[in-house]
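Chains as they are written, first to last, in the numbering used here: chain B, 1 to 433; chain Z, 1 to 433; chain H, 1 to 433; chain W, 1 to 433.
Because the hints were derived from the structure by calculation, they are not lab data.
Hints may contain errors.
Since the list can't tell identical chains apart, any single copy or any two copies may satisfy a pair.
As the list claims (entries may be wrong) - Derived DSS-like pairs (lysine-lysine); straight-line CA-CA distance at most 25 Å: (1) 40 with 251; (2) 18 with 276; (3) 40 with 210; (4) 18 with 40; (5) 18 with 210; (6) 377 with 431; (7) 377 with 71; (8) 71 with 276; (9) 431 with 251; (10) 377 with 18.
For clarity, every value in this text was computed on a predicted model and none was experimentally measured.
4 protein chains.
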Amino acid sequence: MSLIQDLPIDSLDSTHAKEWLRAYQRVRAATETICAPLHKEDYMVQSMPDVSPPKWHIAHVSWFFEAFILKLFHPSYQILDPAYDYLFNSYYVTHGTPFARPDRGMISRPTVDEVYRFRAHIDRAIEELLNDLPQEHVQEILRRMELGLHHEQQHQELLFMDIKHILAQNPLCPAYRDDLAPRPVHGVGELGWHAYPAGVRHIGHDEADKGFVYDNEMGRHLQFVEAFQLADRPVTNGEFMEFIQAGGYDKPDYWLSDGWATVKAEGWNSPLYWVKRDGVWHHYTLGGLVPVDMNAPVCHVSFYEADAYAQWAGERLPTEAEWETVARDLLMQGNFAEQDHLQPIAAVPSAEAPRQMFGDVWEWTGSAYRPYPGFRKLPGSLGEYNGKFMSGQMVLRGGCCATPKDHMRATYRNFFPPHARWAFSGFRLAKES
Amino acid sequence: MSLIQDLPIDSLDSTHAKEWLRAYQRVRAATETICAPLHKEDYMVQSMPDVSPPKWHIAHVSWFFEAFILKLFHPSYQILDPAYDYLFNSYYVTHGTPFARPDRGMISRPTVDEVYRFRAHIDRAIEELLNDLPQEHVQEILRRMELGLHHEQQHQELLFMDIKHILAQNPLCPAYRDDLAPRPVHGVGELGWHAYPAGVRHIGHDEADKGFVYDNEMGRHLQFVEAFQLADRPVTNGEFMEFIQAGGYDKPDYWLSDGWATVKAEGWNSPLYWVKRDGVWHHYTLGGLVPVDMNAPVCHVSFYEADAYAQWAGERLPTEAEWETVARDLLMQGNFAEQDHLQPIAAVPSAEAPRQMFGDVWEWTGSAYRPYPGFRKLPGSLGEYNGKFMSGQMVLRGGCCATPKDHMRATYRNFFPPHARWAFSGFRLAKES
Amino acid sequence: MSLIQDLPIDSLDSTHAKEWLRAYQRVRAATETICAPLHKEDYMVQSMPDVSPPKWHIAHVSWFFEAFILKLFHPSYQILDPAYDYLFNSYYVTHGTPFARPDRGMISRPTVDEVYRFRAHIDRAIEELLNDLPQEHVQEILRRMELGLHHEQQHQELLFMDIKHILAQNPLCPAYRDDLAPRPVHGVGELGWHAYPAGVRHIGHDEADKGFVYDNEMGRHLQFVEAFQLADRPVTNGEFMEFIQAGGYDKPDYWLSDGWATVKAEGWNSPLYWVKRDGVWHHYTLGGLVPVDMNAPVCHVSFYEADAYAQWAGERLPTEAEWETVARDLLMQGNFAEQDHLQPIAAVPSAEAPRQMFGDVWEWTGSAYRPYPGFRKLPGSLGEYNGKFMSGQMVLRGGCCATPKDHMRATYRNFFPPHARWAFSGFRLAKES
Amino acid sequence: MSLIQDLPIDSLDSTHAKEWLRAYQRVRAATETICAPLHKEDYMVQSMPDVSPPKWHIAHVSWFFEAFILKLFHPSYQILDPAYDYLFNSYYVTHGTPFARPDRGMISRPTVDEVYRFRAHIDRAIEELLNDLPQEHVQEILRRMELGLHHEQQHQELLFMDIKHILAQNPLCPAYRDDLAPRPVHGVGELGWHAYPAGVRHIGHDEADKGFVYDNEMGRHLQFVEAFQLADRPVTNGEFMEFIQAGGYDKPDYWLSDGWATVKAEGWNSPLYWVKRDGVWHHYTLGGLVPVDMNAPVCHVSFYEADAYAQWAGERLPTEAEWETVARDLLMQGNFAEQDHLQPIAAVPSAEAPRQMFGDVWEWTGSAYRPYPGFRKLPGSLGEYNGKFMSGQMVLRGGCCATPKDHMRATYRNFFPPHARWAFSGFRLAKES
C-alpha cells in the first residue's frame with residue numbers, strides 16, 4: 001500500500017484535505033512503528049557525529065511541520081516550548097543557529113515521553129489546520145505538507161541507518177528486532193550485462209509527470225549518453241569477498257588517492273559491520289550478528305570501496321545519467337522497508353532486465369553530486385534542503401531495503417560523501433559497449 | 001549519622017559481619033538516592049570523556065564487588081552476564097582490557113532497569129557472603145568490602161559532578177532537584193590569616209589511628225615545614241570577581257605557561273558554569289541557574305585559575321603538608337553532601353580557626369601528586385587504584401559539598417589534572433610568615 | 001617563444017632527438033631561472049603540507065627522468081645515491097613507498113648544492129641517451145621525455161605558487177623579485193555577456209590534433225550543452241570587494257555547507273594574501289605587499305568563495321564543457337609566466353570575445369573532476385599521474401599568470417580541492433540564456 | 001678551562017668589565033663553534049614544535065642581549081631591524097607577542113648570513129657597552145650579562161639536542177661530525193649502592209656561595225630527608241635492554257597511566273633514536289648510526305620510561321632532595337660537552353662514591369618541578385625565565401654530555417615534561433635504606 005504518491009495529481013487544493021490528513025497519519029504512524037522496539041536508552045545514543053539519537057529524529061520531523069507550516073499558517077498555534085525550535089532545527093541556518101550537531105547526544109531533556117508529547121501536540125495542530133484550511137494559503141500549505149511527509153520518510157530510513165549504527169557499537173550485538181522477514185536462500189548466477197545505445201537523453205523530472213520530487217531532481221534537461229552496458233545486478237558479497245581475498249584492501253593500485261588514505265587511516269579491511277568469528281565472516285544486521293550471505297548484494301561500502309572494486313574488476317561505476325536512462329523504463333518494485341527484511345537479499349534470477357535497480361542497496365554512481373542545469377533552490381530556509389550540499393558528495397540511486405517504497409522514483413538523487421558507509425550502500429558495474 | 005567509620009576498629013573479623021552488611025546497605029542505598037531524581041535519558045549521557053553516564057557508575061560500583069570479592073570468595077557465585085566484566089571495568093588493565101572510556105555513552109544495553117537488576121543481584125550475593133563468611137578469607141574479604149564501600153562513596157561524589165556536567169550541557173538548564181537545602185545568606189568579612197611556626201611534622205596516615213585510608217595516604221613520614229600563614233577561609237566568588245574585573249583572564253602575567261595556553265585554547269573568561277544573563281553573572285547549580293553568591297567560595301576553577309589568582313593577589317597556594325598540618329587538629333565538620341546544599345555556601349564568621357577546611361570546596365594545593373616516601377601500591381589489580389595516576393596531577397584537600405562526610409579525613413589526598421574544572425574545586429591562599 | 005609544442009607532430013622518432021634535447025634544455029633552464037632569486041634558506045621551507053620546499057621540486061623533477069626513463073632505457077646509467085629514489089618520489093606508490101609528504105621540509109641533506117649536482121647528473125645522462133637512442137625504445141623514450149617536460153612545466157607553476165606561499169609566511173613580506181613587469185593601469189568596464197546556443201558538442205582532446213595532452217583530456221566524447229551565456233571577463237577584485245562589503249563572508253545564505261564550515265573554521269574574510277593596512281586592502285604578491293588593483297581579476301579564492309560570490313550575484317559558475325566549447329575557438333594567448341607579471345592584470349577592454357580565457361587566473365568551473373567516458377589511465381606507475389585524484393576536487397580551466405604559455409591548451413583540466421586557495425585561482429560567471 | 005664561573009665573586013663592578021668581555025667572547029665563540037659543521041640548509045629545519053631551527057637559536061641568544069641589555073643601557077644603540085624583536089623573542093609574552101613557536105621553521109629571511117650579521121652587530125654593541133659602562137647601571141648590566149651568558153650556554157645544549165633531532169629525521173642518517181672523541185670501551189660492573197642517613201637537610205643555593213644561579217635554585221630551605229640508598233651509577237643500555245626483552249614496553253603493569261597511554265599512542269618500543277638493523281640495536285648519535293654500547297648509560301628516555309624501569313626493577317627514582325644531598329659533596333666533574341664525546345660513555349669502575357652524578361645523562365628524579373618555599377621570580381619579563389613552567393614537568397639533575405661544564409652545579413634544576421625524550425636524559429635508581 002502506497003502512502004503518499006497515491007494522492008491525486010490535482011490534490012493541492014482544499015477538497016483533498018481529508019486525503020492529506022490520512023497520508024499524514026500513515027507516515028507519522030510508520031515512524032512510530034519503527035521506533036516501537038527501542039528502549040528509552042536507545043533513543044539517547046549518538047554513535048558518531050553523522051548519527052542522530054532517535055529521540056532527536058522523532059522531535060526534528062515534528063519540528064519541521066511546526067517551523068515551516070504551523071507557525072506560519074495555523075491561525076492560533078501555541079508553541080509547546082520555545083527552546084525546541086533551537087534544539088530540533090537540523091541545519092537550517094537561515095532559520096536560526098541550530099544546536100551543534102555532534103552534541104545531540106548530550107541532551108537528556110526533553111525526555112522521550114516529552115518528545116512524544118511534542119509530537120502529539122504537532123499532530124493535533126496539523127489535524128486542526130487541515131480541517132480548516134486558510135483558503136488563501138491552501139496550495140502553499142499542501143505543498144509544504146507534501147515536503148514534510150517526504151522529509152519524514154527520509155528520516156524513517158535515517159532511523160534504520162542510525163539505529164543499526166547505534167546498536168552495532170555495543171559489544172553485546174543486540175538485535176533491533178527478532179522477527180524480521182526471513183531472507184530467501186538461493187543463488188544469483190553469473191553476472192550478466194545489458195547493452196544500451198548512444199543518444200541524447202532526457203534527464204531529471206518531467207514536470208508532466210504527476211507526483212512529488214525534490215528540487216534537485218527538477219530542471220529536466222538533455223544529456224548525450226554514449227553507448228554503454230550495465231550489469232544485470234549489484235555486486236554480491238561473494239564477489240566482494242574475492243576482492244578481499246585478492247588483497248584488495250592491501251594494494252593501493254585500485255584506489256583513489258583519498259580512498260587509499262582513508263583505508264590506511266581507518267584500518268578498513270572489509271565492509272562496515274563485517275567481523276570474522278571463528279574464521280567465518282559475519283556481519284551485524286538489524287536482526288543481530290549473522291554469517292554473510294554470499295548471494296546478497298554487498299552493502300555498507302563506501303564510494304571508495306565501490307570504485308576500487310570496479311578498478312580491480314576492470315570495469316567502472318555507471319554515471320547517474322546511465323542509471324536513470326535504464327531505470328526510467330523499469331517497474332518501481334524491489335526489496336524496500338515494507339518487505340521487512342531490512343537487509344539486502346539475493347536477487348531472483350532473471351534475464352529480462354537489470355534486477356534490483358530499486359531497493360536492496362543504494363547504488364553508488366560515478367557522478368559527483370552537482371546541480372542540474374538551471375537548478376533553482378526553494379526560496380527561504382527550505383532552499384537549504386538540498387542545494388547547499390552540492391560539493392564533496394557522490395550520487396546514489398535506487399533506494400534500499402530501508403527506504404519506504406513510495407518515497408522512491410527513478411529520478412531520485414541521494415548523495416553521501418565518498419567515505420560514508422553507514423547508509424545501505426552497494427553498487428553495480430558498468431562498462432563501455 | 002556516619003556510615004562506615006563508626007565501625008569498631010577491630011571490625012575485620014567475622015563477628016562483625018552484620019555491621020558490615022548494614023554499612024554496605026547504607027552506602028548502596030545512598031547511591032540509589034542520588035540517582036532517584038534522574039530520568040532514564042539522563043542515565044545515558046556522557047558529556048565529555050572524563051564524565052561517565054550515571055548508568056555506568058551504577059553498574060561499575062557493583063562490578064567492583066563482583067570482580068574483587070564475589071568471583072574470588074563467594075563459593076557459589078553465578079555471574080549474570082559475562083559481558084558486564086568487560087563493559088563495567090573502569091581502568092584495571094591488569095584485570096583485562098576495559099571498554100574504551102570515551103565510548104561509555106554509546107552503550108544503551110543493558111538498560112537502566114537491567115543495570116539495577118545487576119545491582120540487586122550483587123546485593124543478594126554480598127548478603128549471602130556476609131551471612132556465611134568463609135573463615136579462611138574473612139580479613140581479606142572485609143578489607144575489600146571496606147575498600148568497595150569507600151570506592152562507592154567516591155563514585156557518589158562523581159555522580160554529583162557528572163550529573164551536574166550532563167545537565168549543564170542542556171540549553172534548558174534543567175535543575176537536578178528543586179528541593180535542595182536553601183543556602184544561608186550572610187557576609188563573610190575580610191580575609192584573615194592564621195600563622196603557624198616552622199618545624200618537622202608528621203605527614204600521612206598514622207597507623208595507630210583507627211579507620212580506613214587509601215594506600216596513597218600511608219607511609220607516615222617526616223617533613224620539615226617552614227613557618228607559614230594560612231587564610232582563614234577559601235577565596236570567595238566576590239573576590240574572584242575582582243580578579244576577573246582586573247583583567248585576570250586577559251593578561252598572561254599571572255599564569256603558568258600551560259595555564260595561559262589553556263585559557264586561550266578554551267576561551268575561558270570565568271569559572272566553569274558561569275554565564276552572564278542581562279549583565280549579571282549567574283552560574284548553573286544542581287538547583288538550576290541562579291545568580292552567583294558573592295560570599296560563597298569560588299568553585300569549579302582549575303589549578304591554573306587558582307594559581308593565577310594567587311599570583312595576582314601576591315600570595316600562593318598552600319602545600320599539602322601545610323594544609324594537613326593545620327587540618328589535623330580541626331574538627332571534621334563542614335558543608336558535605338549530607339547538608340544537601342550540593343553547592344558551597346558562605347562561611348560563618350569566626351576568628352578561632354581556619355573555616356571551611358572540610359567540605360564546601362576541594363582546595364587546590366601547590367603540591368604535585370606524587371607518592372609518599374616508601375609508597376607501596378596494593379598487590380594485583382587493586383594496585384591500580386591510585387598509584388598509576390601519580391603524574392601530571394595536583395593534590396586537592398578537604399572534600400566538598402558533594403562528598404559524603406564520613407568519606408573524608410585530614411590525610412585524604414584527592415587529585416586532578418591542573419586544567420580540570422568539573423570537580424567542586426576552589427582554593428585557599430597561603431603566604432610566608 | 002614556445003618550448004615544446006613547436007616540436008613537429010611526427011617528432012617521436014630518433015631523427016628528432018636533437019630537437020628533443022633542445023626542448024629539454026630550455027625547460028630545464030626555465031626551472032633554474034625561476035629559482036635563481038632564492039636563497040638556500042628559501043629552498044628549505046615547507047609552509048604547509050600541500051607546499052613542497054623548492055629544493056624538493058628541483059630534485060623531484062629530475063627524479064622523474066631518472067625513475068621513468070634513465071633507469072629503464074639508459075644502457076649504462078649510474079645512480080648517484082640510492083636514497084634519492086625514496087626521498088624524491090612524490091606519490092607514485094606503485095613505484096615504492098614515498099617519503100612522507102608533510103615531512104619534506106625536515107630533510108636538510110642532500111643540500112641545495114648536492115641537489116643541483118644530482119640535477120646536472122641527470123642532464124648529462126639524458127643528453128647521452130638522446131645522443132644515442134636505443135632504436136627499439138625510441139617511441140617510448142620520447143613519449144616519456146614529452147611527459148617529463150610537461151611534468152616539469154607543471155612544477156614550474158607549482159614553484160611560483162609555493163615560493164609565494166613560503167615568503168608570505170614571513171612577517172617581513174619579502175619580495176621574490178623586485179623587477180617584475182609593471183602592471184598596466186586601466187579600467188575594465190562593466191561586465192558583458194556572450195551567448196552560445198544549445199547543441200551536442202565534442203569535448204576532450206581530438207586525437208587528430210597534434211600536440212601533447214594528459215590522459216585526463218583524452219576520450220573525446222559528445223556532450224549536450226544547453227544554451228548559456230558566459231561573462232566576457234573574470235570577476236575583478238573591485239567586484240569581489242562589493243561582495244565582502246555586502247557581508248558575503250558573514251552570511252551563510254550564499255555558501256555551500258562545507259564552504260561555510262570552512263569560512264568559520266579558518267576565519268576567512270577575504271581572499272588569501274589579502275591584508276588591511278591603515279584601512280586599505282593590500283595583498284602579498286611575488287613583488288611584495290601592494291594595494292589591491294580593483295581592475296585585476298580576483299585571485300587566490302577557493303571554489304567555495306567563487307560559488308558563494310556567484311550565488312550572491314544571482315549567477316553561477318560555468319561547467320567545464322561550456323568553458324571548453326567557448327575556449328576551443330579562441331587564440332591561445334594571455335598573461336602567462338612569460339609576461340613576467342606573475343600576478344593577474346586588468347583586462348584590455350574589448351567586445352569581440354570573452355577576454356582572459358587563457359592566463360591571468362585559473363577559472364573554477366562548476367564541474368567536479370571526474371573521468372571522461374572511456375578514461376584509461378596509463379599503465380604502470382605513470383597511471384598514477386592523474387586518475388587517482390578524481391574524487392573530491394573541482395576542475396579549473398585556462399591557466400594563469402604563473403603557467404608557462406606552451407603548457408596550456410583549451411582541453412587542459414586542472415583540479416584542486418574546493419577549499420584550496422594557494423593556486424592563482426579566480427573565476428568567471430555564467431548564466432542561462 | 002672554565003668560562004664564566006672563574007669570574008671573581010665581586011666581579012659585578014666596572015673594574016672587571018674586561019673580564020666580562022672576555023667571558024662574553026668565549027661563550028659567544030663556543031656557540032659558533034657548535035654550528036660550524038652545519039650547512040645553511042641544516043640551520044632551517046624545525047623537526048618538531050619543541051625544536052627550534054639552529055638559525056633561530058643563533059638569532060635568539062643575540063636578541064636576548066639586545067632586548068634586556070642594549071636597548072635599555074647602551075646610550076646610542078641602533079637596532080638593525082625592528083622585526084627581529086618579534087621574530088626572535090622566544091616566550092617572553094610580557095615583552096610582546098612572540099612569533100608562533102611551531103612556525104619558526106617557516107622563516108627563511110633573515111638568511112643565515114644576515115643572522116650572523118645581526119650577531120656581529122650585537123657583539124660590537126656589547127663590546128662598546130662594556131668598554132664604557134654607564135656607572136649608575138653597572139651592577140644591573142653585569143647581572144644581566146651574567147644571565148645572558150648562562151642563557152646562551154643553555155642554548156648551546158639545546159643546539160646539540162636540536163641538531164641531533166633534526167639530522168635524525170633524515171633517512172640518510174648524516175653525522176653531525178665525523179671526528180668526535182672516541183668512546184672508551186670497558187665494563188661497568190654490577191650495580192652498587194651507597195647508603196645515606198635520615199636528617200634535616202639544606203636544599204637550594206646557599207647565598208654565601210659565590211657563583212651564578214637561576215631564580216629557581218634560590219630560597220635555600222630545610223627538608224627532612226628519610227634514610228635512603230642511591231645507585232652508584234645510572235642504569236645502562238644493557239640493563240635497559242633486559243627491560244625491553246622482559247616485555248617492558250608491552251605490559252601496562254609497570255607504567256603510570258599517562259605513560260602507558262603515551263607508549264600506545266606513539267608506538268614506543270625502545271628509547272628514542274634506537275633502531276634495529278639486521279637484528280642488532282643501533283642508535284643514532286651525533287657521530288652517525290652506531291651499535292648501542294651496553295655499558296654506557298641509557299639515554300633519550302622519558303620520565304615515563306625511567307619510572308617504568310624502576311617499577312619493573314622493584315626500585316624507584318630518587319627525589320631531587322636526595323640527589324642534591326649526595327651531589328653537594330662531590331667534585332663537579334664528568335663527561336660534559338668539553339669532552340667532545342657528545343654521547344654518554346661507560347662509567348669508570350670505582351667504589352668510592354656514586355659515579356657519573358655530573359655529566360653523561362641528565363637524571364630524571366621523582367620530583368615534580370615546583371617552586372621552592374619563598375620562590376620569587378625576577379621582576380619584569382625576565383621573571384618569565386623559569387617560574388611560568390612550574391607545572392606538568394619533572395626535575396632532572398646533573399647535566400649531560402652536551403652541557404658546558406661550567407654551566408653545571410649541584411643545585412641546578414632542569415625540567416622537562418614527563419614524555420620528553422630529545423634531551424640527553426637517563427636515570428639512576430634509589431631505594432629505602
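Cα distance capped at 25 Å. Does residue 377 pair with residue 71 within a copy, between copies, both, or neither? within (22 Å within a copy, 56 Å between copies)
Checking an output row: residue 18 and residue 210, CA cutoff 25 Å. Within, between, both or neither? Classified as within; 20 Å inside a copy, 69 Å across copies.
Indicate which option fits the pair residue 40, residue 210 if close means a Cα-Cα distance not exceeding 25 Å: within, between, both or neither. neither (40 Å within a copy, 46 Å between copies)
Is it within a copy, between copies, both, or neither that the alpha carbon of residue 377 lies no farther than 25 Å from that of residue 431? Result: close only across copies, 15 Å inter versus 34 Å intra.
Please work out whether the CA atoms of residue 18 and residue 40 approach to 25 Å or closer within one copy, between two copies, in both situations, or in neither? Classified as neither; 34 Å inside a copy, 38 Å across copies.
Within a copy, between copies, both or neither: which one fits residue 40 and residue 251 at a CA-CA cutoff of 25 Å? neither (44 Å within a copy, 38 Å between copies)
How do residue 431 and residue 251 come out at 25 Å by Cα distance, when the copy is not named: within, between, both, or neither? Classified as within: same-chain Cα gap 23 Å, cross-chain 44 Å, threshold 25 Å.
At most 25 Å between alpha carbons: which applies to residue 377 and residue 18, within, between, both or neither? Neither, since 30 Å and 59 Å both go past 25 Å.
Alpha-carbon proximity context of residue 18 and residue 276, limit 25 Å: For residue 18 and residue 276, the Cα distance exceeds 25 Å both inside one copy (53 Å) and across copies (50 Å).
Evaluate residue 71 and residue 276 at a C-alpha cut-off of 25 Å and name the case that applies: within, between, both or neither. Answer is neither; intra-copy 52 Å and inter-copy 30 Å both fail.
Comparing the model with each earlier hint shows violations of hints 1, 2, 3, 4, 8, 10; every other hint is respected.
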